[in-house]
Structures are given as structure tokens and as C-alpha cells.
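Student: Fit chain to chain and form the complex, with the hints in mind.
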Amino acid sequence: MKYRAAAFPLFALAALAGTAHAQLAGEPYIHDPSTIAFSDGKYYTFGTGRGGLVSDDGWTWHGGGVRPGGGVAPDIIKIGDRYYVVYAVGGGGMNGGHASNVKVMWTKTLDPASPDFGYHDVGIVASSDGVEDCDAIDPAFLHADGRLWLSYGTYFGYIRMVELNPKSGERIAGNQPVDVAIDMEATALMYRDGWYYLLGTHGTCCDGPNSSYNIRVGRSRNPTGPFVDNMGIPLLKGGGKLVVAGRGRGFGPGHFGLIDLGDGLQKFSMHYESDMDRAGRSVLAIQPLLWKDGWPVGGDNVAAGTYEIQSERSGGALELAVDFVRIDFDFRRAFGPPPSGPLAPLPDQTLAQDMAVWPSSTIKVDLGDYMIRPHQKWSVTPVPEAGGYMGSPYYKIVIAGTARALTATADGEVTTGGYTGDAGQLWRIDQLTDGTYRISPKIARNSVALVAIGASTVALVKFDPNNDAGRWTFKTP
Amino acid sequence: MGKMSPLLVACLAFPALAAGGSPPLQGLSPFFEPATSAPKAPDADGFVQRWLLLEPIIKPNRSNAGFTGSYVRTALTTEYFRGQFSVVPHDGDRVAGTAPLQWHALDSKLFDVKLFNFAQGLNKPTYGVIFWAVTVVDSPRTMTDVRLAVGSNSASMWWVNGKEAVGLFGDRRMVMDDVVSPPLTLHKGRNVIRGAVINGPGLSDFCVRFVDADGKPVRDIAITIG
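These protein sequence lines map, in sequence, to chains A and B. Taking the numbering used here, the leading residue of the first sequence gets 1, the next gets one more, and so forth. Taking the numbering used here, the leading residue of the second sequence gets 1, the next gets one more, and so forth.
This is chain B alone, in the form it adopts within the complex (with noise of 0.2 Å):
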């Protein structure tokens, strides 16, 4: 999100340039736990919070403020690895770009998916970065005119089936349900869910559910990364 000015922006999104020391990492814990084989539903909401997390990819922005829809439809079908937009990878799966990245598969303890605390948990860059989820949704029957409902922060993109579905643009903050697709079905069995988030300074984050025609969620429907 960033949601600053790019003078103080600038101390932020490059630490080496700021005072004071790296506080001490919290890891994952705080935030996610290990996603398990077993399927899981989402929570009571409709959110779901299982996902494969990509390690950040570098990407550096000292504002959010320029996130228009050209630059981050740009950045995010920019591929930074193989498979980028068609795999459906595995824990501990690592990509090769400018430096290895690797996969984890989490179960989210919230409703929203902190990357900026899977990031700093990891030790990695929090700030000037890409991340990419990727999870399956399995669905117990075909379901038309539902819709995927986004929040992000800070601009992302996602597709449902190798589809773009939504692209929330801009400064985001996130919002549950701040961006929702057209209808779309899904399929009976395995669906693959894929999003990408960029973001500048500041807390990253994402959450995603289904609703239905009513708007209301969906929630029979699993998860089965694992």
C-alpha cells in the first residue's frame, strides 16, 4: 500500500539508507501455519486462506502512486519464470530467476493473506516486490454466475482458470470485496486460482472468496493444494 509520500518513501523502500537496525524476524507463525494434504474449507466468510506463496521477486517502487492499470498489467504478465502462468507448483518447489525464489504452501491464520509478514518472516524483501499465489479450489459441482471477489494491497491481478478474472489497480488498500469479477463458473473438480500482487512501501496483504449471485459466499468448496 505505501501510503506516503515518495520523500519518505524513499528512506523506507531502501533500509540500507535508514537508521536504526532490522527489528528481530517473528517468522511465519504469527501469521500462517504449514497447509496440511488434507482439504480445507474456507473460513466462514467464504475467504480462503490456503495458498502457495512465492518468495518476492524484486521489483523496486518508491511510490504506490504509480501503480496505474498499463504498468501493473505490464509488470504482472511480465513472466519472471517458467510456468509463471501455467504451473500449479509444490511446497518447497523453487523457480529460477535473478536470484532462486521458493514455494510455501500456507494455511493463512487470518482471513487475509499478511505478505508483507511472510516476506519478513522469511528475511526477504518486503518492500519493491512481486508476490504470486497460486492455489486450487475443488469444487464439488459445476457452479455458474459466481463471482471472485478481491482485496489487495497493494494492485494485483488474478485469474480463475487461466483467465483474468480481476485487476484491481492503483494505490490499493485492502478491502474484503473491493473488486468482483464478472460471473464465471466453476468447473466441477479442480479449479486454479493464480494472483499476483505488487506492491511499493508499506503492508501487503490480500483476500479472496467467492460469492454467488446474492452476493453471499461460497463455501463448498475446498482447498487442496497440498
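So that you can see chain A by itself, here it is in the shape it has in the complex (with noise of 0.2 Å):
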């Protein structure tokens, strides 16, 4: 949260291949971005400095959005009907100083074209003297059990809690700070099933390829602690459980920032210190977000890829609906008497053999045995010249080897035909919080989704997150 946006500019970036992206599309450059909001039709997310950026579908950013005030690294929170914005102003070390305000506003949209916009300050609701062991910036909201609680802090001493009144913002009169945590700042809270989750950054920011910036947890029944990580060790003594690091291309993951779609799907945001194939800029970054054993575990858009796409319903492997091609195989040799010489291995069966017996119009798909056969081994393609939604690009599912693509038909079938690059041929792959995927077609309406409506059958219905009919595990065939 150290710079200013302005240290930022804005570059346009050359087309993306075709390959597994973390990256989102755009110009998504931010550093310190808020928790997304979604306001009149569009997602929304402050950083440090004046702006923001803003997209229409979570997949593409752009530069966007205004936030007055300034300072550093704000976040927002929906209450009714205001998004209330809090940021700090000083501190930092910048300038060599921790003394610092938490300020909040709100606005009933965040959409500066609407008649509703307009910023009303509410003011300063925490502060750090610059003497004592806290640096009053990062703040983050969490609204639970009717109650708004705000943490703040850097590596500066302390990260505090302070309660707020969530009818207007103020803090609650009376109300005095919590030490909740040490060595962490841009801290973010999240609340499930009675637990309250503190979330922060370890390590190095503001160092490009050299940040080591990580996000850790820890948990407490109690929003102002103690909190402790998975080994027990209070946040107050170090502590705190990995939820995600750097990985491939994007390096130190910092400002948390909890994304709750429903129906079971949950993903974060996070700003990259360094997107290497952005020359090393600062990004915003999407991931899905997983839960293991009560903890937060940052999850994984499916790579590309070839995958047997197995039922958490059935077992049974997505695969067409297609005669069963035997592998030549005389099974004597199975229980004949050992062998005296070298075994030789057999050959899998061919692509070729397998489509021998495939009509050449559409065919349907089902459930099966995994048998390893061709038509049960599925290529999937990120494909984000078409678009994407929250976090992803949009992928193209094909029988690897083929351009025979699963499509979902405009009458709600699901079959497989050539690719052509039309929407129900492009689907959107979420990962749920339980690890494994929902797969969902990209003219879906109503949260249809590919689901194992019997144990060897798939239709394209409702999802529903209580059971595993629509959940899907991507597995190397």
C-alpha cells in the first residue's frame, strides 16, 4: 500500500495467448486493491491513490472509478443501501512517518454517471500517533451478526480492531482498539460458521519480482481474538496459516479481499506486486478461493489441458456416447504361466481406432466406466479472446485430438459437434470451495449447469450446491 497510484501508469497490454492465465484481461494495474464491490451492473475496486478500476464481467478491468480523498489503500463494504469506502491518509512510513487517519464515506452508488453518486464523509474513525506501536493504514471492513468491525495496521506494531456503528460508519462510541496481530499489514476479515478469520500479508511489498509478500490466516470465535493459525500460534506471536503465495508468473499476493458468488462458490481478490509478463507492474488478481478444514485455502483455475472429467456424483467419466471399441487383447496372457522372457508393453488405443465407430454428426455425451479411451479424454482450452467471467476466461472443452466440442444447445441439451467458436461451445469453469469444479455453459441462465442427473446421465439443469451432482474433478487420464 505504499504508493500512489499515479506511480502507475497505465499500459495497454498485447493480446493474451492462449494458454492457462492467472492474469486477467485489460489494464488491470492497481496496487492495494479494495475488496470488489458490484454497483449498477459493474465490479469495482479501489487501490491506492484517486481511482480504481472497474469491469463488467470480473474478467476484464479497466482503468475506472472514483474515489476522492486520496491516501492508500482503501476497501468497501455494501450495508444496506451504501457502499462505504475507508482509506488512510499518512503513515506508511512514507515520508518516514507512522502517524496516520482511517477515514470513512459512503455513497449510495459507485457508478459516477449515476444521479445516486456522491460521496458523504463520515470521517475519521481510527488513528495512530506516530509514536505508538501501530501505523493506523490498511483498513478492512467485515459486517457480521449486524455488527462492522474494522482491522488495520501494518508490520509498523500492531494490527487493531475497532468496532464501528454500521447504521452510519461512525465508530462505535466508547469503543477502544484491540491489538489482534503482529508483523502483518494489509489485513482482511472474513467471517463462517462462527469463526472469525483475520487475514494479512507477510513478507516484502513494493519490490516487483523481489517481494516476497505472502497472505496467511489465522481464526478466532471472537472478532477481536485471540486469533491463532492451524499450529496454534497467536497472530500476536507471529503466527499465521498460508493461503497463498506466488505462483508461475504473478509474484507476492497481498490485499485480500473475500469474493462470495453463492451457490458454494467463493473467490478472492489480490493485487500482485509483480506480473512478469506485465513487465513486472502491479495487477489486480483473481483466484478461487477453497476451504479445508475450516481454513481458507487459495484454490486454482483448471490449467489447460487434457483431463478425464470424472462425476463427484457417480465416479463416471464424461465421455461420448459412443460404441465401446475393444483393445485387442488375448486374455490368456493374463493368467497364462509367468513369462520367461522381457514383457512388452501394449500400445494404448488410438484415436483413430476409437473414431472408427463415431457417427460424423453430433453425438451425445454420457457417463462411463473410465476405461482411458479417447472418447473420454477432454482438452481444455482457456480461450480469452472470447471473454470470461469473475476471475477466468471463458474454455473450450474438446475430445482431445478433435475439434468436437461440448456445446450446450439453445434448448438446454448438452451434445458435442465441430467447434466454431460460439457461446455454447465456450463454458465457465469455477472451482467450488470444496476443490472440485462447476461446469457451467457460457449462455446459461438461471445457474444451469452440467450436472450428473443419474449416475450415467448429464443434463444441462439447475445447479445445486448441497449435493455433488454438479461437481467435477479434472483428472490426468
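Since the hints were derived computationally from the structure, they do not count as laboratory data. Treat the hints with care, since some could be wrong.
Said to hold, decoys possible - Pairs of lysine to any residue residues, derived as SDA-like cross-links and limited to a Cα-Cα distance of at most 25 Å, are as follows:
hint, chain 1, residue 1, chain 2, residue 2
1, A, 475, A, 233
2, A, 42, A, 456
3, B, 216, A, 229
4, A, 462, A, 447
5, A, 364, A, 327
6, A, 241, B, 178
7, B, 109, A, 133
8, A, 241, B, 102
9, B, 109, A, 228
10, B, 163, B, 222
11, B, 216, A, 42
12, B, 216, A, 242
13, B, 216, A, 228
14, B, 109, B, 191
15, B, 163, B, 177
16, B, 216, A, 220
17, B, 109, A, 475
18, A, 364, A, 419
19, B, 109, A, 233
20, A, 241, B, 181
21, A, 475, A, 403
22, A, 442, A, 456
23, A, 42, A, 56
Tutor: Following this line, the structure appears as C-alpha cells:
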């Protein structure tokens, strides 16, 4: 959070290559992004400095948004008909100081073109005097059980928690800050199943590909702690379980922001201190959020590759509904006397051998026992030029080695046909909080997804987050 | 620790370049109190809170990113004052260096020893420094297979009875039990623990305790530097 946005001039990005990308499309240049908020049909996030980023779909981001007040590392939360925006002015070690004020303001919309747009200043809700062991920056909201909490602070001393009035955004009268962590900054808060989660970064920021920022977490039954990690180490003694570290071409994740999309689907925003594909600039990033044993863990968009797509309901493999072709084999070899010579490997069934019985027209799909056959192996490839959804480009899903693509028809059927790039052949693949995936067509309406409606039958029907019928795993073939 | 880039650190490590005045001093009292002559037990988690701390030695570093093992080992095994690796000082002792530096016998009020606040409270440099710390652990019996567990901000090295026990290299932040030594022996009677912490910009502190073979804190020891 230490930089001002002016330090990050925007650069256009060359077209993304057709490989799996953690990176978002557009010009997602930002440092210290807030939680992403949805307002008037668009997604907004604000960063250090005055502006922010805006997106229609959560995949392609452009500079935009208006946030007066300057300062660093804002956060946003919507409560009722108000968007509260909190930010810090001063501190952060800039100019050698740690005196800072955390300020709140609100607006009824984040869309500057709306007649309802306009910020109303609430005032200072927390501060540090420059001497005490706290630097009041990097504020983060949590609205849980009707109460509004705010964490703030940096490596300079303690992370602190205060309570605000959710109806006004003001500090609760008489509320005193509580120390909840050390050696952490860029905190964020979540509430789930009776646990309060305090997340924040460890490591070094603001040094491009040498930044060691990584996001950590502790939890408590109480919003004011004590927060401990998975080893029971208090965050007040430096603890923190890893949520996400740098990976691939993205270095130094920080400034976690929860994106709850409903239907058991959560993602999180962050910045990478350095996107190596974008000259090392700090960029917005979005990743699936998983929960394992009560702890949040960074998930992954499905990577380009060839997979068996396995139903969590029946274990059946998604496949072309075609005649089974035997692999030539003399079963007596399996049960005969031990061979005296070396054993020769058997070849896999070839695509040509399997295809020999396929009809040339559309072929429906079903679920079958996985027999490691070509008609059960799917190549999954991002299609970034076709747009995307929150945190990911659309994918095409074709039988490996062919152009036969999984296709959603206008009347809600799922079949396969030659890939044309039509919307019915573009798929949204979201990792769910348990690590499995939901597969839904771009043309989906009413949360329709690929669902095992029988042990061996698939259809495009409404996704139910409470059972396994709509959950899939991508397994190496 | 210093978690910022060299660009930003430039104005942190050299306050003369920065805008704004120095904050008013708090002194040592928020974080320390004078050590007494009475033995002091570790805290409930086994952390050693009584130390002789030497006023900071100037060692400019604009970033902590350069605290590689080789750099830290060289920096912390260089002799800055006579008796650096052998003497158990007393409160008020002075050492001759580029500037006279004084030892302070202090009890930390917290589980960790806040070196930044120690330096700030004495109106000494807080960034670009090396801190030396010494304490004496009085063990009631010979204890084998104990381990020294250290967290420090930033890098540090630690010796037990003159033998190197652990090194914490890189741009460290402090977490309890960050680096744990191989099994070692605490002799019956006096055992000298010596450490040095190097820091560029940012806060600096350390926490030290002994743990037994089961990872439980060793508490039946006394700290007797008085």
C-alpha cells in the first residue's frame, strides 16, 4: 500500500496467449486493491491513489471509478443502500512517518454517472499518533452478525480491531482498539461458520519480482481475538497459516478481498506485486477460494490440458456416447504361466481406433466407467479472446486430438459437435470451495450447469450447491 | 524487517531526508523495565525476557533484501568491540567502537524483545543497525536434547555457550519458533546465550526460548544476569 497510484501509469497489454492464465484481461494495474464491490451492473475495486478499476464481467478490467480522498489501501463494503469506503491518509512509513488517520465515507452507488453518486464524509474512525506501536493504514471491513468491524495496521507494531456503527460508519462510542496481530499488514476479515478469520500479508512489498508478499490467516471465535493459526500459534506472536503465495508469473500476492458469488462459490481478489508478463507491474488478480478443515486456501483455475472429467456423483467419466471399442488382447496372457522373457508393453487405444465407430454428426454425452479411451479424454483450453467471467476466461472443451466440442444447445441439451467458437461451446469452469469444479455454459441462464442427473446421465439443469451431482474433478488421463 | 522497496526505504533509512519531525520519545518504560538481581523465570511459554542489550551498532542497510546467509554471517561475526564473543557484560558497561555504546540490563514486558523500541527509547538509530544481546541461563541440572527456538526481525545469529546454535537469514519477520537449533545441552549452572540481530528499515525484535525433545517449553531455568 505504500505507493500512490500515480506511480503506476497504465499500459495497454498485448493480446493474451491462449494458455491458462492467472492474469486478468484489460489493464488491471492497481496496488492495494479493495474488496471488489458490485454496483449498477459493474464490478469496482479501488486502490492506493484516487481511482480504481472497473469491469463488466470480472475478467476484463479497465481503469475507472472515482474515489476522492487520496491516501492508501481503501476497502469497500455495502450495507443496506450504502457503499462505505474506508481509506487511510498518512502513515505507511511514507516520509518516515507512522501518524495516520483512517477515514470513512459513503455513497449510494459507485457509478459516477448515476444521479445517486456522491460521497458523504463520515470522518476519522481510527488513527495512530506516529509514536505508538501501530500505523493506522490498510483498513478492512467485516460486517457479521449485524456488527461492523474494522482491522487496520502494518508491520509497524500491531494490527488493531475497532468496531463501527453499521448504520453510520462511525466508530462506536467508547470503543477501544484491540491488538490482534503483529508482523502483518494489508489485513482482511472474513466470517464463516462461527469463526472470524483475520488475513494479512507477511513478507516484503513494493519490490517487484523480489517482493515476498504472501497472504496468511488466523482465526478466532471472537472478532477481537485471540487469533491463532493452524498450529495454535497466536497471530500476536507472529503466527499465520499460508493462504496463497506467488505462483507462475505472479509474484507477491497481497491485499486479500473476498468475492462471495453464492452457490458455494467463493473467490478472492488480491494484487500481485509483480506480473512478469506485464513488465513486472502490480496487477489485480482473482483466484478461487477453497476451504479445507475450516481454513481458507487459494485454489486454481483449471489449467489448460487433457483430462478425464469425473463426476463427483457417480465417479463416471464424461464421455461421448459411442460404441465401446475393445483393445485387442488375448486374456490368456493375463492368467497363463509366468513369462520367461521380457514383458512387452501394450499400446494405448488410438484415437483412430476409437473414432472408427463414431458417427459423423453430433454425438451426445453420458457418463461411463473410465476406460482410458480417447472418447473419454477432454482437452480443456482457455479462450481469452472470447471474454470471461469473474477471474477467468471462458474455456472450450473438446475431445483430445479432435475439434469435437462439448456443446450446450439453445434448448438446454448438452451434446458435441465441431468447434465453431459459438457461445454454446464456451464454458465457465469455476472451482468450488471444496476443490471440485462447476461446469456451466456461457449461455447458461438461471444457474444452469452440467449436472449428473443420473449415475450415467448428464444434463444442463439448475446447479444445486448442496449435493455432488454438479461437481466435477479434472483428472490427468 | 523492512517490508518495503529500496525506493521507499531510502527515505526511511535516512530520516534526514524525510519530511516531518521525529516523534516524541516514549523512553523504555512501555516495553522494558530494569532487570533486578533476583533470578527471573521464563514466561509461561518459556520465553526469555531478561537480556543485556547493547545500544545499536551502526550498519547501514537500505533494504533487508540483502540479508543473505553469507552477508549476515560476515556482518555478525565481524568484531565490532573487544570481548564481543566472550564477555558477559554488566548493566552500564561501555564498549569502545566508532562511538561508545552502553549495555542495558532489561526485562522485556512482552514475550519478545522489541529492539526498535529499545533504540528509539534511547534516542539511538533504529534503522541500519546491529543489536547485540546477551543473557545467562542458570539450569538446575544438565539438560540434554533441548533446542534453542528463535524468531527475529530481521536476520540474526545465536550462540549457546560459545557455539553457534541457529542462524536466521533473509528478510525475516518475527514468528515464535521460526528457526530451531539442533539438540544441544544446557549445563548445570551458567549457560551464556549470545545473539546478534541485524536490521535495515522497519521494526526489529526477537523472541527466544528453549524447548525440550517434545517441543514443550523449558521453564525450570532462571535468568541471572543481574
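Student: Decide, hint by hint, whether the structure agrees.
Tutor: Hints versus structure:
no., hint, in the structure
1, A/475 - A/233, "violated, 36 Å"
2, A/42 - A/456, "violated, 39 Å"
3, B/216 - A/229, "holds, 18 Å"
4, A/462 - A/447, "holds, 5 Å"
5, A/364 - A/327, "holds, 23 Å"
6, A/241 - B/178, "holds, 13 Å"
7, B/109 - A/133, "holds, 14 Å"
8, A/241 - B/102, "violated, 39 Å"
9, B/109 - A/228, "holds, 21 Å"
10, B/163 - B/222, "holds, 20 Å"
11, B/216 - A/42, "violated, 53 Å"
12, B/216 - A/242, "holds, 24 Å"
13, B/216 - A/228, "holds, 18 Å"
14, B/109 - B/191, "holds, 23 Å"
15, B/163 - B/177, "holds, 19 Å"
16, B/216 - A/220, "holds, 23 Å"
17, B/109 - A/475, "violated, 54 Å"
18, A/364 - A/419, "holds, 15 Å"
19, B/109 - A/233, "holds, 19 Å"
20, A/241 - B/181, "holds, 22 Å"
21, A/475 - A/403, "holds, 21 Å"
22, A/442 - A/456, "holds, 24 Å"
23, A/42 - A/56, "holds, 5 Å"
In summary, the numbered hints that this structure violates are 1, 2, 8, 11 and 17.
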